[in-house]
Amino acid sequence: MKLNEMTITGLRNLLDKKEIRPSEILDDVYARIEEVEDKIHAYLITTKEQAYKTAAEAEKTIIENKTALLTGIPIAVKDNMCTEGILTTCGSKILYNFIPPYESTVTARMKAQHYLLTGKTNMDEFAMGSSTENSAYYPSKNPWDTGCVPGGSSGGSAAAVAADECIAAIGSDTGGSIRQPASLCGVVGLKPTYGAVSRYGLVAFASSLDQIGPLTKTVADSALLLNVIGGHDPKDSTSAPGEIKDFTKVIGQDIKGMRIGIPEEYFIKGLDSDVEASVKDALKKLEALGAVPVEISLPHTEYAVATYYVIATSEASSNLARYDGVKYGFRRDGKDLLDMYMKTRAEGFGPEVKRRIMLGTFALSSGYYDAYYRKAQQVRTLLKTDFEKAFEKVDIIATPTAPTTAFRFGEKTTDPLQMYLSDIFTISVNLAGVPAISVPCGFSAKRMPIGLQLIGKHFDEASILKAAYAFEQSTEWHLRKPTL
Amino acid sequence: MALKETNPMKYEAVIGLEVHAQMATDTKIFCGCSTKFGSEPNSQTCPVCIGMPGVLPVLNKKAVECAIKTGLAVQSKISAYSRFARKNYFYPDLPKGYQVSQYELPICEGGHIEIVIDGEVKRIGLTRIHMEEDAGKNIHEGGGPYSFVDLNRTGVPLMEIVSEPDIRTPAEAAAYMKKLRAILRYLEVCDGNMEQGSLRCDANVSVRPIGQKELGVKVELKNINSFRYVEKALEYEIKRQINVIESGGKIVQETRLFDSSTGVTQSMRSKEEAHDYRYFPEPDLVPIVPSEAWIEKIRQALTELPDAKRERFVTKYSLPEYDAELLTTDKTVADWYETAVLAGGQPKAVSNWMMGELTKMLNDENKSIENCPIKPEHLAGMLKLIDNGTISGKIAKTVFEEMYKTGKNADAVVKEKGLVQISDEGAIEKAVDEVLSKSAQEIERFKAGDEKLMGFFVGQVMKATKGKANPQMLNELLRKKLS
Ligand SMILES: [Zn+2]
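Residue numbers (numbering that gives the first Met the number 0), protein chains in the order written: chain A, 0 to 483; chain B, 0 to 482.
Calculated from the structure, these hints are not laboratory results.
Some hints could be false.
[Said to hold, decoys possible] With a straight-line Cα cutoff of 20 Å, these simulated PhoX-like cross-link-like pairs (lysine-lysine) come out:
id, chain 1, residue 1, chain 2, residue 2
1, B, K60, A, K234
2, B, K404, B, K359
3, B, K429, B, K414
4, A, K326, B, K136
5, B, K465, B, K437
6, A, K52, A, K65
7, A, K342, A, K353
8, B, K212, B, K9
9, A, K234, B, K61
Just so we're clear, the structure is a prediction, and the values are computed from it rather than from any experiment.
Go ahead and model the full structure; you've got the sequences and the hints to work with.
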């Protein structure tokens with residue numbers, strides 16, 4: 000097995016025993032990137048030179064037996080997280096030349112644990128999309144079938160992990176942007192509780208929904224990365240106070256007696272039959288492991304997509320106002336100030352971003368605010384209540400992550416609504432602020448990966464990680480690799 | 000443009016003021032940058048206050064404390080749950096494309112401020128006090144096809160104090176502003192410096208015929224940046240509105256800008272052109288839920304306010320209302336006064352010297368009391384020298400001037416300049432005799448009934464003794480010798 004195919008946990012072991020050196024891992028990772036990146040386009044930029052420099056420092060710390068959690072581990076970061084001195088475009092032309100003078104909290108925490116940044120991964124522009132087709136640069140390809148999308152918006156991160164172009168990756172999830180691409184690429188994707196991971200330095204899409212999380216090859220790696228990136232950050236007022244838990248502790252604990260809720264609203268018409276079959280098999284597997292299935296209802300589920308597209312676009316319309324050509328990024332000069340603003344934003348943003356800015360601007364307009372934004376907030380409260388009530392009866396909830404396996408390029412680009420529906424099972428989770436993980440649970444007839452979503456209570460990542468790990472260890476889906 | 004005189008007696012104005020006060024914090028409201036005034040452009044900025052991608056605001060607790068303190072001082076209700084909102088609009092001095100302000104749930108609601116108009120106390124209600132961040136400054140200079148932006152002021156904490164439409168005249172508006180400024184300065188929540196923009200004012204003005212209940216169409220006046228302008232701008236605007244109505248026109252709802260150089264208000268934008276700010280709750284900040292204990296702690300630490308201090312000065316120091324009012328408008332003045340009194344100065348005498356000589360001297364040099372070279376203890380010391388007869392009241396003026404010039408205390412000045420009063424009867428008699436011996440003519444006239452010449456004799460002796468003769472003894476001696 001090549002080193003780039005391994006997991007964080009596996010490499011940690013070899014590194015600490017001094018059987019391998021960080022630079023050797025990088026050799027294999029960059030060889031792989033060299034080999035397949037032309038087909039996958041997972042990265043927007045790679046940071047090879049810097050990675051080798053950091054690897055040299057990592058070797059020293061290993062020799063001195065001062066290793067940290069991520070010493071010598073190559074990790075890719077989605078291009079919407081600010082990395083000091085390294086281009087951060089957010090998949091947009093409007094930030095084509097933006098080099099942040101500051102580091103996001105998440106990457107700073109990984110830096111503190113000596114990670115090696117392999118590069119910045121591709122994404123839908125401003126994380127708006129479910130396929131990476133909205134990237135201003137190029138779409139990423141699904142390693143299982145390069146004619147298919149990797150999902151989005153963290154499609155580059157998911158593809159990089161699936162294609163072994165890194166050991167793990169960091170993504171962000173506003174309505175499913177970690178879990179849906181994880182599901183479509185056959186990797187593990189975790190969206191932590193809102194407030195569990197600092198958003199400082201994450202280029203904002205929808206502030207009340209955005210959350211950073213790991214995309215990994217195994218559940219154990221997901222727990223480990225959450226340990227590194229989670230915890231209170233004084234720079235983010237919405238980050239939760241309190242001590243950081245050690246999520247790796249629950250790995251390996253059994254799930255006997257764990258009550259798993261199965262919401263009827265998630266097994267609906269339009270759900271791909273292969274997906275449904277795999278998820279139902281997965282539920283049986285969980286039952287076999289000692290879990291207790293409980294039928295539940297999340298009655299407001301059908302309003303989630305509409306609610307999401309009011310709230311997320313409203314916040315986005317405001318969050319994206321700062322890209323005005325005045326201070327940084329792309330600018331197209333005009334005959335006066337207004338003309339400069341209009342030309343800059345007309346040329347700097349892609350069509351989906353503009354569509355969402357317009358939707359959000361409309362929803363917040365005087366005379367429409369009550370009918371749209373305020374109403375959406377009220378429905379959001381109902382959706383939260385749905386989960387609270389359900390969690391009185393169950394410990395976790397299991398659903399499919401996405402209604403279908405990866406779709407083909409162009410299949411949904413002409414119909415934004417169809418595209419929006421690919422997040423139908425993931426969106427409620429962001430609106431409620433609860434944590435959820437997608438874990439590989441099978442393959443379709445066309446050999447495309449399928450994901451199982453496990454949803455937990457607020458700040459109870461432990462339960463979903465525990466169940467996901469137990470499930471993963473009793474199956475072999477996560478061991479399959481795409482042939483490229 | 001001069002306006003024709005109208006009959007203002009038929010109309011009354013309805014005025015509400017929105018005052019923006021810069022809160023006296025060392026750092027900005029959402030980042031650690033300094034709030035110092037007058038630094039190099041853009042030297043007090045960071046990724047947060049210049050709106051770089053991905054950065055987040057962190058609320059400065061000191062700003063919330065300033066707002067709560069103010070609210071408590073003006074009897075507002077401190078909200079148990081309040082939150083920030085985004086006010087969205089594009090402008091180069093607004094780097095995020097929105098201003099973080101408060102909208103639906105401000106930190107303070109209600110309250111009032113009392114003003115005195117023609118000896119009558121009038122209560123002006125407050126609608127709310129809310130917190131917000133200041134914008135930057137666009138600088139148009141150099142003549143090129145571009146402007147400069149200075150973001151030092153971006154994110155400086157402001158509170159907006161919104162009054163009810165309870166104000167009826169420009170004079171009331173000015174009195175309200177003065178009282179509000181005094182309160183803010185007393186609380187040390189704002190330095191009240193209008194020149195540096197620490198206190199800015201917008202006004203909502205409408206007029207209606209006296210007796211009419213419903214309000215006239217309101218005009219928003221922006222950019223009133225000094226006490227003088229508050230009155231001027233309102234006077235102009237009220238006259239303008241009355242003129243429009245009198246000549247059969249209609250007031251249009253609009254925003255007008257006051258130009259202090261011409262004294263005229265000019266239309267800035269109509270209601271139709273008004274921005275739709277698309278306010279919505281700021282998702283990057285959590286709601287403000289101040290604990291009862293915290294509010295109580297702030298309440299306990301509240302200082303005595305101008306009205307209370309004025310009343311105390313009247314009762315404790317037996318000062319006339321007039322003196323007490325003048326001495327308590329500014330807290331530093333009041334503190335100066337009390338220090339002098341506590342150092343032994345007779346209360347009314349201290350007041351007289353402060354309102355007379357001291358004010359004149361400070362005004363001549365455009366100095367405020369903070370920079371007064373005379374220490375309050377020195378004034379008290381000088382008053383003691385008058386009381387015990389060491390110097391005369393007349394000499395005291397010279398001593399006071401010298402104290403102001405040198406910063407020395409009265410004892411030192413009197414000693415150095417040899418200004419001790421002559422109370423030796425023999426010495427005074429000698430001087431009197433000398434003067435009288437040279438004034439045969441004047442003595443004649445005095446004896447013939449020209450009583451006014453008494454002043455002449457006193458003056459001559461004083462001149463001869465360099466003003467040091469004990470005036471009482473001098474008077475007695477002169478009367479004796481001339482009778
Ligand atoms: Zn700053």
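Results for each hint:
1. B:K60 / A:K234: Answer holds: B:K60 to A:K234 is near 14 Å, not above 20 Å.
2. B:K404 / B:K359: Holds, at roughly 14 Å.
3. B:K429 / B:K414: violated, 23 Å
4. A:K326 / B:K136: Answer holds: A:K326 to B:K136 is near 14 Å, not above 20 Å.
5. B:K465 / B:K437: holds, 18 Å
6. A:K52 / A:K65: holds, 18 Å
7. A:K342 / A:K353: holds, 13 Å
8. B:K212 / B:K9: Roughly 14 Å between the alpha carbons, so the hint for B:K212 and B:K9 holds.
9. A:K234 / B:K61: holds, 17 Å
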